[in-house]
Amino acid sequence: MKNKKKLGVFLFILPAVIVFAIYFVYPIGFLLFTSFMTWDGIGSMSFAGLDNYEKLIDDHVFHKSLMNTLIWGASAVFIHIPLALLLAIILSYKVPGWKFFRTVFFFPNLISTLALSMMWLFIYNGQFGLLNAGLEAVGLGFLQRNWLGEMSTAFPALIAHWIFYVGIFMVIFMAFIATIDKSIYEAAEIDGANIFQRELLITIPLLKPGIAAGVLLAITNTLKNFEAPFVMTNGGPVNETMVMALHIYRQMVNFDYGYANTLAVMLILAGGFMILVVQLVFREKNA
Amino acid sequence: MKNKVIVALILFLMLVVTACSQGDSNDTEAAQEEHELTFHTHYVGNEGRAETIQAIVDEFNEEHEGRAKVVIDATPDPQTMYDKNRTSLATDTVADIFYFQHNPVDADRYYGSDKLIDLSPHLDDGWGDSFSPEGLDHGRYEDQIMAVPFESMMVPIYYNTELFADAGIDEFPTTWDEFFDAADKLMENGITPIATGTGENAWSTQLMYSYIVSSIAGEDLWELELDDEAFLEGARILDRMFEYSPSDAVGLTYSSYASYFINENAAMIVNGPWMISQFYEQGGDEFAEKVGVGTMPAYEGGKGEQGAVIAGVNFVLTGKKHEDPLKEEMAVEFMKYLTHTDNAKRLFLDSGALMEAANFEINEDDDADRISIDILENLQAAPYEFKHLINAKSTAVANEFPSAVSALALGEVTPEEFVEQMAGVEE
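As given, the protein sequences belong to chains E and Y, one line each in that order.
So the first sequence is numbered by my numbering: it starts at 1 and just counts up by one.
So the second sequence is numbered by my numbering: it starts at 1 and just counts up by one.
Calculated from the structure, these hints are not laboratory results.
Where a beta carbon is used, it is the ideal one built from N, C-alpha and C, also for glycine.
One or more of the hints may lead you astray.
Stated by the list, open to error - Straight-line Cα separation of at most 30 Å, DSS-like style, residue types lysine-lysine; simulated pairs:
#: 1; chain 1: E; residue 1: Lys55; chain 2: Y; residue 2: Lys185
#: 2; chain 1: E; residue 1: Lys99; chain 2: E; residue 2: Lys2
#: 3; chain 1: E; residue 1: Lys224; chain 2: Y; residue 2: Lys84
#: 4; chain 1: Y; residue 1: Lys321; chain 2: E; residue 2: Lys64
#: 5; chain 1: Y; residue 1: Lys84; chain 2: Y; residue 2: Lys185
#: 6; chain 1: Y; residue 1: Lys327; chain 2: Y; residue 2: Lys303
Unchecked claim - Not everything, but these chain Y residues come out facing chain E in the computed CB check (under 8 Å):
#: 7; residue: Asn61
#: 8; residue: Gly112
#: 9; residue: Pro133
#: 10; residue: Gly199
#: 11; residue: Pro246
#: 12; residue: Gly251
#: 13; residue: Pro402
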């Protein structure tokens, strides 16, 4: 009877295990395997030992792309998510026109990254861009520049085009806030807590699981960033805006699949590291 | 009872006969199955050749109805199309018919992949005669022909004759010194001399670099190392060229700097004949009338000759190998149709594109535009032809160029460091 039960459990989880093995274990295993190979993606592979990993040490584009990916992830955590949280708190007070603003903030999430990138490409254009025209109009013409073509502004401009599209996380946080018992706020109000104290000491602590989920989602999104750098800067100028996903792609189209997969392994490790840090931070605070 | 058995038997026999006849009909259908073939192309949308290519595909489909149907797999951006070809070849999902920008390193990868049709047996019926032997060499791999030459190029330096005249320049410069003198005069008139950019694959910039280096090193420039003295001097001149380019040249994409030329904000652009249709469609007849065709200026003391042109096979056409011989036959049939002399002539007349099967004559009755004819005349008068960087070197070198040249333009690297970087990638 016990064996029959075990068999039943086994048969129930078998489809999930098969799907997991095909779509997760196999690709990662293949990635890991080919990262030790010299392979152009077409012909046969040859064992390269640790050559691809040694190449990482001298590959300054990898260093730059890893750093940019980490900075982008950090900006997600320290700017993107707090901004979404702030908007969610404000709109949760159901200020006049809150439904309109919720729609406005959420709307860019319905537009493809590609279309948004094209739009920002024109906004940032050095000669006829909207940003430069706006600066000229308000008497700040001296600040005009080729935003995506200069070393000092290209990467901040690339991040900035995305950082204000916080709609998806704002909606998630609003849903979390709606579940908080109103009596807690009333009790705090009776005790004399002002609006800032109530948000800081009630809303944010109770939103912790939602914030943790938002941070994880934001980080995983930034690790996969490809379309915007590809369309807006193609990694330039001088690899200043290169991110990991784009660097991997470059190696692929250069027929260097072995090294591309080594970079992909590094991306997985970087992602794992960032997620671990997030989990540690939130676990510490829970304790 | 007996009657029931007879009726049942008759019904059974009818069923069997129907089933058999159904089977026969299925077999016939299978034999006459329409093969759907994908043709991966960037000749779509507003691209100059798009309309003619679509017409050719439609006509082929009409003529081969019931046997083959070609479906266009569109990737409007050429660079993305090249990338997609490379990755889909690796994943065995490449289109049934496609073309790629030829360079000797990548071509061998494609041809040696064992994933393409060997076209050698199909060339004997006269198809092979459509192409020059040198053109066919671009598709040769061991004793096979894996691709046929598709589109050629002659890359002139287009210039706006009116802007030149306004600046007091009578003729297109014949030396680089004259070129920079003319550029100074254009700058004084508030005109950006040369429309170029380093975005995407830095297309026009790499063409200009190829021209500059050839004027120094001659027609055999690609036999030299990329850090040779000729390339170094070329990098110095290219560095100077950025002083005469749009202020946002770093990162500027083709469509943007092309619009600078068409909107008459810039006086010159280096590009192929496929741009002619853009002159007419975006600039109008009045603008197209102003476009002059210039060729390579000479470098004092250089081995190159004034008037030499970047030309030769740009794209080669090939097809995916199939287990089904009928499908493969239909793919080859389409390639023959597409590269037929009549269609090559149509493409030239409609868009200015120089298809490789160019053994056609232009008659007085033909509505050939003046710019296309100027280009052909310059090609015929050229002392020699040579390839540009992307056609001559590997994809890795071509992909490094935009980044390296951006660094040069921004002053992040010296010309010496630029050529070292390029040579390093080639190694």
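Now for the hints, and whether the structure bears them out:
1. E/Lys55 <-> Y/Lys185: 49 Å, violated
2. E/Lys99 <-> E/Lys2: 56 Å, violated
3. E/Lys224 <-> Y/Lys84: Holds, at about 19 Å.
4. Y/Lys321 <-> E/Lys64: At roughly 41 Å apart (the allowed maximum being 30 Å), lysine 64 of chain E and lysine 321 of chain Y break the hint.
5. Y/Lys84 <-> Y/Lys185: Judged against 30 Å, a Cα distance of about 43 Å means the pair is violated.
6. Y/Lys327 <-> Y/Lys303: 50 Å, violated
7. Asn61: 31 Å, violated
8. Gly112: This hint holds: glycine 112 of chain Y lies near chain E, its Cβ roughly 7 Å from the closest one there, short of 8 Å.
9. Pro133: Hint on proline 133 of chain Y: violated, closest Cβ of chain E at ~28 Å, above 8 Å.
10. Gly199: 6 Å, holds
11. Pro246: Interface hint status for proline 246 of chain Y: holds (6 Å vs cutoff 8 Å).
12. Gly251: Holds, about 4 Å.
13. Pro402: This hint holds: proline 402 of chain Y lies near chain E, its Cβ roughly 6 Å from the closest one there, short of 8 Å.
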